[in-house]
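Colleague: For the protein sequence lines, the chains are A and B, in the order given. Here the first sequence is numbered in this note's numbering, starting from 2 and rising by one per residue. Here the second sequence is numbered in this note's numbering, starting from -17 and rising by one per residue.
Since the hints were made in silico from the structure, they are not lab data. Every residue, glycine too, gets a C-beta built ideally from N, C-alpha and C. Incorrect hints may have been included.
Label pairs and their calculated CB-CB ranges [unchecked claim]:
1) B/T68 to A/L14: 55 to 65 Å
2) B/G(-3) to A/P5: 15 to 25 Å
3) B/E40 to A/E129: 26 to 36 Å
Looking from chain A toward chain B, a few residues come up when the C-beta cut is under 7 Å (computed) [as the list claims (entries may be wrong)]:
4) L18
5) L20
6) V24
7) A27
8) T30
9) G48
10) L49
11) G50
12) A53
13) V54
14) A65
15) T79
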Amino acid sequence: MSAPVKLYSWVALLLVLHLLLHVGFAYGTGAPDLLTLALLLAAREVGLGRAAVLGLFFGLLEDALSVLAFGANSIAMTLVAVGGALSRDFFVGDSRIFLVSYVFAGKWIRDLIHWIAMGEGLRQPFWEQVLVQGALQSLYVAAIALVLSVVVGLGNES
Amino acid sequence: MVPFGTESERDARPGELMVAIVAIVLALATASLPESGQQRISSALQSVVLRPFIATQERLEEARIGAAQADSLMALVDSLSGVYSTHSALLNENRTLRTLLELADRAGPSYKPATVLRPGTPGSESMFLVDVGEDDGIRRGSSVVSPRGLVGVIREVRPQNAVGMDWTHPDFRASAMLADGSAYGLVENRRGRFREDDRLLLNGVAYNQEVAPGALVVTSGLGVYPRGIPLGRIDEVNDEEGSWRRSYWLVPMVEPGSATHVLVLTPEVVDDVFEVWSQDSVPPTDSVEADDGPG
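Turn these sequences into a full structure, and let the hints guide you.
Modeller: Right under this line is the structure:
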């Protein structure tokens, strides 16, 4: 299986799993943010434009279920996708440490942008939503990325 | 992670940056869209991409609600069963009391109505307490009867209550006769392998005396029991001794375990009391066998 096909397969799988866990089974924060993980993995591979479009699509998917803060996820995911795509111009790494750090930072930045984009009336206190919950969720997603990297070699396509 | 294309291939996509800028602008614009526009986008995504996942959640929720309703219905069924079983016990008790009342009406004030209490302790299987005692005119040896016949006899009397033994006690003996007076004998208890196997035996009947199965056996009036209290019906021959004596198994008229309300005879009752157990109290052979079975 070629690298692009494998990557898109993983992105599709993570997308379905994310929607199944969050929407189908309604696990909420108990389930990891696999959508951001899929976006971060794809962003470094598919180019700036496609990454941004993918980010916008993923963000709209999450916004479709967000009644009050429509658009916040779209902004966060698009910017994270652009940042992920641009990161390969600054960091050329394929080690697991880089992968975990990249996913951790990407997820945390996504939560930060989402917190900002939500608007003052809807968001929880910064320390609670970004510093505590954001950090924990980022660790969660980074751990998933590490497991996937070890078990199936995701992120080590070279 | 390495990019799929080479550096030159990526540089060959000049539109990438423009696409990214457009995507960012669109993303920023979504937040500023009027509510109707946001709803249209949401509806479109929900009805296409998210539909199977939303349907999954709906089905899971329905299943969860169904399970909760099943639990609730089961609890309701349990409650109704409880109410029904209590109701049926009350009906039985009511029926017993009505029958007893009819017997008491026929018997008169010499028969004291009482409630039977069973201690339930080891060794007290054939003993019972009645809530009438010496103050009510009860004496040692008073007969304890139900609308069907003899239950037992009082062994110990206290001012407010008394202790009795039923016919399943090994010491139970009653002088008996056939209701038509054609044969006499002694009714006694025979223990079975289980309490439910306990039976009554009519012993000492003359060998040449014809005793038909189903014949009613009542107390003879010799001893502590007044004449005429039903004991049971002839079931079958148990034994023959030589050519001079026979014994018969009886189908008892009363299952002591089911007797909850009884009448206790006072010493004033000395005459023949068979007329008290008139035809409605002493059912015919068929129904006795159907109701009671072998003792």
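Colleague: If a hint holds in the structure, say so; if it does not, say that too.
Modeller: Taking the hints in turn, this is what the structure says about them:
Checked against the given bound of 55 to 65 Å, the beta carbons of B/T68 and A/L14, roughly 59 Å apart, stay inside it. Between B/G(-3) and A/P5 the beta carbons are some 19 Å apart, a value that agrees with the proposed interval 15 to 25 Å. Restraint check, B/E40 to A/E129: a C-beta distance of roughly 32 Å satisfies the suggested window 26 to 36 Å. The beta carbon of A/L18 comes no nearer than 11 Å to any beta carbon in chain B, farther than 7 Å, and the hint placing it at the interface is violated.
Hint status for A/L20 relative to chain B: holds, with the closest Cβ pair at about 4 Å, below 7 Å. Proximity of A/V24 to chain B holds as hinted, the smallest CB-CB distance being about 4 Å (cut-off 7 Å). Taking 7 Å as the C-beta contact cut-off toward chain B, the hint placing A/A27 at the interface holds, the least distance being around 6 Å. Annotation: A/T30 was flagged as interfacial toward chain B, and the flag is violated, the nearest CB pair being 16 Å apart, outside 7 Å.
Hint status for A/G48 relative to chain B: holds, with the closest Cβ pair at about 5 Å, below 7 Å. A distance limit of 7 Å between C-beta atoms decides the matter here; for A/L49 the minimum to chain B is near 4 Å, and the interface restraint holds. Checking A/G50 against chain B by beta carbon gives a least distance of about 3 Å; that is within 7 Å, so the hint holds. A distance limit of 7 Å between C-beta atoms decides the matter here; for A/A53 the minimum to chain B is near 4 Å, and the interface restraint holds.
With a cut of 7 Å, the hint placing A/V54 at the interface with chain B holds, because the nearest CB-to-CB distance is about 5 Å. A cut of 7 Å between beta carbons decides the hint on A/A65: the least distance to chain B is about 4 Å, and the hint holds. Given hint, A/T79 at the interface with chain B, holds; its Cβ is 4 Å from that chain's nearest Cβ, closer than 7 Å.
Of the hints listed earlier, those the structure fails to meet are numbers 4, 8, in rising order.
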